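**Q** The lines below spell out each chain.
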Amino acid sequence: MVLIFIYLFPDEATPWGGATQGIGVSSSLFIAGNFMDDPQIPVIDTPFISHEMGHVLGLWHTFHGTDPEQTTTDPNACPELPDGSNGEDCGDYISDTPADPNLNFEVNPDTCEWTQDFGQFMPSTDNFMAYTHPNCMDDFTPIQVQTMKHALVTLDHLIAVVDTECCATQSLDLFIKDSTEDYGEEPNTVTENMWVSEDIWIRITDDNGLTHQNPQYNSNNIPNYINVRVVNRSCETSLGEETLTINWAKANTALVYPENWDGTLSNEDGSPLGGELDSIIIPAISGNDDVIVKIPWVVPNPEDYSSNDNPWHFCLLATVLGSQDGLSNGYTPNPNIMVRNNNNQAWKNITIVDLEDGITSGTVMVSNPYNNQQAFSLEFVIESTEFGKPIYTEAEVGVEMDDALFTIWERCGKQHTELAETKYEKTKLIESNGALLDNLIFYPNERALLILHFNMLIKELTSKNKYTIHVIQKDKITDEVIGAETFVIYKKMREFFSATAGNDKQIDSDQTVTISPEEINEDATYNWYDPEGNLVYQGTTLTISAAMVKKYTLEVIADADGFKDYDEVEVTLKPSRIISISPNPVTQSTLQINYKLNNVNSAFLMIVNHNSGVSQNHILNTTTSTATINLNAYNAGLYTVALVCDNEMIDAKTFIKQ
Amino acid sequence: MKKIYILLITIAFFMACSNNDEEISIEEEQEESISILGTWLRIAGRKNNDSPPIPPDELQFIEAVSENTVTFYPDSTVVSNSVSLCSNTPFMGDPTMGIYSLIDSTYTSIDCTNPDRKYDFTQSDSILIISYPYLGISEGKFKKIEDMDLLPKG
Numbered sequence: 022m023v024l025i026f027i028y029l030f031p032d033e034a035t036p037w038g039g040a041t042q043g044i045g046v047s048s049s050l051f052i053a054g055n056f057m058d059d060p061q062i063p064v065i066d067t068p069f070i071s072h073e074m075g076h077v078l079g080l081w082h083t084f085h086g087t088d089p090e091q092t093t094t095d096p097n098a099c100p101e102l103p104d105g106s107n108g109e110d111c112g113d114y115i116s117d118t119p120a121d122p123n124l125n126f127e128v129n130p131d132t133c134e135w136t137q138d139f140g141q142f143m144p145s146t147d148n149f150m151a152y153t154h155p156n157c158m159d160d161f162t163p164i165q166v167q168t169m170k171h172a173l174v175t176l177d178h179l180i181a182v183v184d185t186e187c188c189a190t191q192s193l194d195l196f197i198k199d200s201t202e203d204y205g206e207e208p209n210t211v212t213e214n215m216w217v218s219e220d221i222w223i224r225i226t227d228d229n230g231l232t233h234q235n236p237q238y239n240s241n242n243i244p245n246y247i248n249v250r251v252v253n254r255s256c257e258t259s260l261g262e263e264t265l266t267i268n269w270a271k272a273n274t275a276l277v278y279p280e281n282w283d284g285t286l287s288n289e290d291g292s293p294l295g296g297e298l299d300s301i302i303i304p305a306i307s308g309n310d311d312v313i314v315k316i317p318w319v320v321p322n323p324e325d326y327s328s329n330d331n332p333w334h335f336c337l338l339a340t341v342l343g344s345q346d347g348l349s350n351g352y353t354p355n356p357n358i359m360v361r362n363n364n365n366q367a368w369k370n371i372t373i374v375d376l377e378d379g380i381t382s383g384t385v386m387v388s389n390p391y392n393n394q395q396a397f398s399l400e401f402v403i404e405s406t407e408f409g410k411p412i413y414t415e416a417e418v419g420v421e422m423d424d425a426l427f428t429i430w431e432r433c434g435k436q437h438t439e440l441a442e443t444k445y446e447k448t449k450l451i452e453s454n455g456a457l458l459d460n461l462i463f464y465p466n467e468r469a470l471l472i473l474h475f476n477m478l479i480k481e482l483t484s485k486n487k488y489t490i491h492v493i494q495k496d497k498i499t500d501e502v503i504g505a506e507t508f509v510i511y512k513k514m515r516e517f518f519s520a521t522a523g524n525d526k527q528i529d530s531d532q533t534v535t536i537s538p539e540e541i542n543e544d545a546t547y548n549w550y551d552p553e554g555n556l557v558y559q560g561t562t563l564t565i566s567a568a569m570v571k572k573y574t575l576e577v578i579a580d581a582d583g584f585k586d587y588d589e590v591e592v593t594l595k596p597s598r599i600i601s602i603s604p605n606p607v608t609q610s611t612l613q614i615n616y617k618l619n620n621v622n623s624a625f626l627m628i629v630n631h632n633s634g635v636s637q638n639h640i641l642n643t644t645t646s647t648a649t650i651n652l653n654a655y656n657a658g659l660y661t662v663a664l665v666c667d668n669e670m671i672d673a674k675t676f677i678k679q
Numbered sequence: 018m019k020k021i022y023i024l025l026i027t028i029a030f031f032m033a034c035s036n037n038d039e040e041i042s043i044e045e046e047q048e049e050s051i052s053i054l055g056t057w058l059r060i061a062g063r064k065n066n067d068s069p070p071i072p073p074d075e076l077q078f079i080e081a082v083s084e085n086t087v088t089f090y091p092d093s094t095v096v097s098n099s100v101s102l103c104s105n106t107p108f109m110g111d112p113t114m115g116i117y118s119l120i121d122s123t124y125t126s127i128d129c130t131n132p133d134r135k136y137d138f139t140q141s142d143s144i145l146i147i148s149y150p151y152l153g154i155s156e157g158k159f160k161k162i163e164d165m166d167l168l169p170k171g
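Residue numbers (the numbering used here), protein chains in the order written: chain A, 22 to 679; chain B, 18 to 171.
Incorrect hints may have been included.
Some but not every residue of chain A turned toward chain B, in silico, with C-beta under 10 Å [said to hold, decoys possible]:
| # | residue |
| --- | --- |
| 1 | W37 |
| 2 | A40 |
| 3 | G43 |
| 4 | H72 |
| 5 | G75 |
| 6 | Q91 |
These are computed hints drawn from the structure, not numbers from a lab. Quick caveat: nothing in here was measured; it's all calculated off a predicted structure. Ideal Cβ positions, reconstructed from N, Cα and C, are used throughout, including at glycine.
Could you build all of it, start to finish, from the sequences and the hints given here?
**A** If you want it as structure tokens, here you go:
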């Protein structure tokens with residue numbers, strides 16, 4: 022244990038805030054006063070204490086070096102570029118914190134979004150080391166955590182106060198964290214979602230990266246690397262004989278142990294849906310210490326698994342076993358229970374959807390792991406610790422069922438909650454947190470696929486760059502969590518574009534019109550939909566005839582990242598009308614009237630004498646455009662010609678008979 | 018606005034016609050003093066730091082290139098072309114608008130996180146200092162670049 026001295030000053034102290042004597046230079050920190058904005062809570066009740074602790078343990082502000090006006094004692098300070106490409110050498114020297122020009126506390130405390138747009142910069146509003154609102158401070162990045170841990174074992178003034186005699190248990194106990202709150206107690210009662218352990222992560226190359234990457238298939242059998250952080254929570258150094266075993270499974274919301282994890286199950290082509298990698302010996306770990314164990318893994322070929330083009334990733338289960346440290350509570354079929362009861366295990370079901378890489382979707386299997394018919398629900402839940410706009414308000418989140426899942430859903434009446442219809446029968450849109458595909462009646466061991474699509478709406482864009490949504494399969498009767506897959510979506514700010522379909526148009530019944538939207542400055546797909554939601558055309562020039570007049574919706578989707586925008590244009594028929602009367606004034610016995618009839622069933626001309634009020638009607642042939650009127654029976658005077666279509670007067674003009 | 022101009026012109030007319038020496042000297046003083054009205058360019062800033070805090074008398078203004086401006090109008094509105102009304106930063110952001118008072122030399126802005134927060138400003142000749150709520154001192158320094166009579170209201 023490390024002894025840190027925390028000095029508290031009165032709430033009314035000014036200036037408010039915290040202080041340290043520098044970055045990693047002492048084991049003391051100071052807290053004083055109340056936060057400046059209402060409700061002006063004491064700073065000691067805010068995460069500023071974590072902020073100051075970060076300084077004690079060697080962390081700079083996230084805006085260090087980047088805010089050119091911030092006074093600093095660091096002679097090497099230099100600005101971090103907005104894209105973070107020099108993040109290891111400049112800024113706060115932490116590569117996984119975004120460049121920060123200094124938030125100046127200008128953050129909405131309710132949404133934890135910037136109140137201002139700083140262009141290319143997209144700093145984190147939740148990082149403890151930013152000048153953000155205390156409501157929003159809740160995160161150290163993995164590399165910040167690593168930096169602080171490094172400080173604890175390298176800075177002399179901290180080593181001096183380490184008490185190595187304080188440990189969770191005296192007897193050997195290795196464990197893998199299920200979440201940052203997990204300290205190895207069995208059963209784990211502090212972790213909400215058991216399937217998102219941050220202490221298991223994949224790197225596609227043998228680097229020292231600490232963030233999870235989607236596994237990547239390589240046809241030359243070049244492995245990816247599964248990294249697992251194993252923690253020794255006891256005082257005793259481990260024997261160095263303990264093993265780490267990794268089981269993999271194709272991403273599935275109902276993974277039963279061991280069938281789904283050991284290669285017992287395969288798809289219709291015979292490709293295994295899971296497997297176990299060779300165990301690795303874990304090096305001896307001192308008491309209260311941890312190690313990162315790397316296991317190479319040749320990722321199975323995705324083409325062996327699904328005909329759909331959407332990425333279908335993997336789930337990982339890590340297990341530590343030793344002669345003095347076995348599974349306390351044994352193996353059970355439901356991993357959600359097994360991992361919660363055994364601190365030697367952790368589990369990761371995460372699909373990364375990085376829109377910048379052009380990936381806009383992810384696939385997961387949904388199945389009935391039991392030998393009897395069973396009803397399940399699929400719930401779509403936003404990560405409870407996430408701030409800002411949820412993904413379904415800033416994007417269209419499409420829930421696509423494959424044929425098998427759609428059939429299963431149809432079996433019991435297509436029940437759902439908070440899912441909107443789309444133009445595609447098998448795809449729904451998530452409308453709010455907790456949306457449900459409900460009462461899915463699965464036959465024994467039946468399997469199907471679910472695909473989630475993420476299309477950001479450019480007009481809803483905020484500076485938020487990470488979104489998390491869980492797909493949780495539950496037993497319909499007992500509400501027990503069977504399993505889940507978590508989708509983490511990353512986006513970066515991008516050039517704005519707008520769908521512009523052009524002005525509304527009017528045509529006559531014998532005309533056509535071509536609608537050409539403004540093309541955006543990048544490769545994009547232009548889809549046109551009719552009012553019923555049918556895709557009627559894909560391209561930039563849509564030609565409309567009189568038979569097709571209606572309101573059309575233009576959908577523009579950027580090819581690079583799936584961002585989209587909509588616009589509408591309406592094509593209508595011009596009203597029927599009298600085009601000309603000639604001659605006028607008329608001295609002859611006949612008068613020619615030219616007219617245009619658009620989509621009418623009946624029409625006539627009513628000729629009214631202004632003096633007498635007497636009128637005469639002339640029935641029109643709706644397929645013609647000219648009428649010749651015999652005026653022999655008409656007295657000299659002023660007349661009005663009215664065009665009446667389907668019993669409604671549409672147009673009128675006057676003429677004089679001399 | 019038109020009424021204000023007419024009033025100013027009328028006052029100027031009467032002052033110009035005065036033969037009183039003392040009044041002429043006041044008029045000259047007024048001509049030499051610089052009005053708050055007009056546009057001010059951000060040229061520097063200083064901010065305290067919690068690790069470690071810098072004593073106020075050692076906290077220097079640091080110059081940084083900026084295009085951020087604030088403009089004071091006669092109708093008590095103050096407008097910035099960027100975030101300068103809310104945030105002490107040389108970086109550009111969204112335009113902001115506020116209401117100022119010369120009685121206590123403060124402004125508020127509904128564009129800022131806290132619309133009730135008062136920002137103090139002090140003017141000394143062609144230099145304007147805006148004080149931002151922060152961990153101790155946080156000030157932006159602005160230089161007058163355009164007078165109001167040349168400005169149409171944006």
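**Q** Let me know if the C-beta of A/H72 comes in closer than 10 Å to any C-beta of chain B, holds or violated.
**A** The hint holds - A/H72 has a Cβ within 10 Å of chain B, the shortest such distance being about 8 Å.
**Q** Holds or violated: is there a CB of chain B closer than 10 Å to the CB of A/G75?
**A** This hint holds: A/G75 lies near chain B, its Cβ roughly 9 Å from the closest one there, short of 10 Å.
**Q** Quick one, is the A/G43 hint okay against chain B at 10 Å, beta carbons?
**A** holds, 5 Å
**Q** Answer holds if the nearest beta-carbon of chain B is closer than 10 Å to that of A/A40; otherwise answer violated.
**A** Hint holds; A/A40 Cβ to chain B Cβ min 5 Å, cut 10 Å.
**Q** A closest beta-carbon separation below 10 Å is what the hint needs, so does A/W37 meet it against chain B?
**A** This hint holds: A/W37 lies near chain B, its Cβ roughly 7 Å from the closest one there, short of 10 Å.
**Q** Less than 10 Å between beta-carbons is the criterion; does A/Q91 satisfy it with respect to chain B?
**A** This hint holds: A/Q91 lies near chain B, its Cβ roughly 6 Å from the closest one there, short of 10 Å.
Violation of the numbered hints given earlier is absent; every hint is satisfied by the structure.
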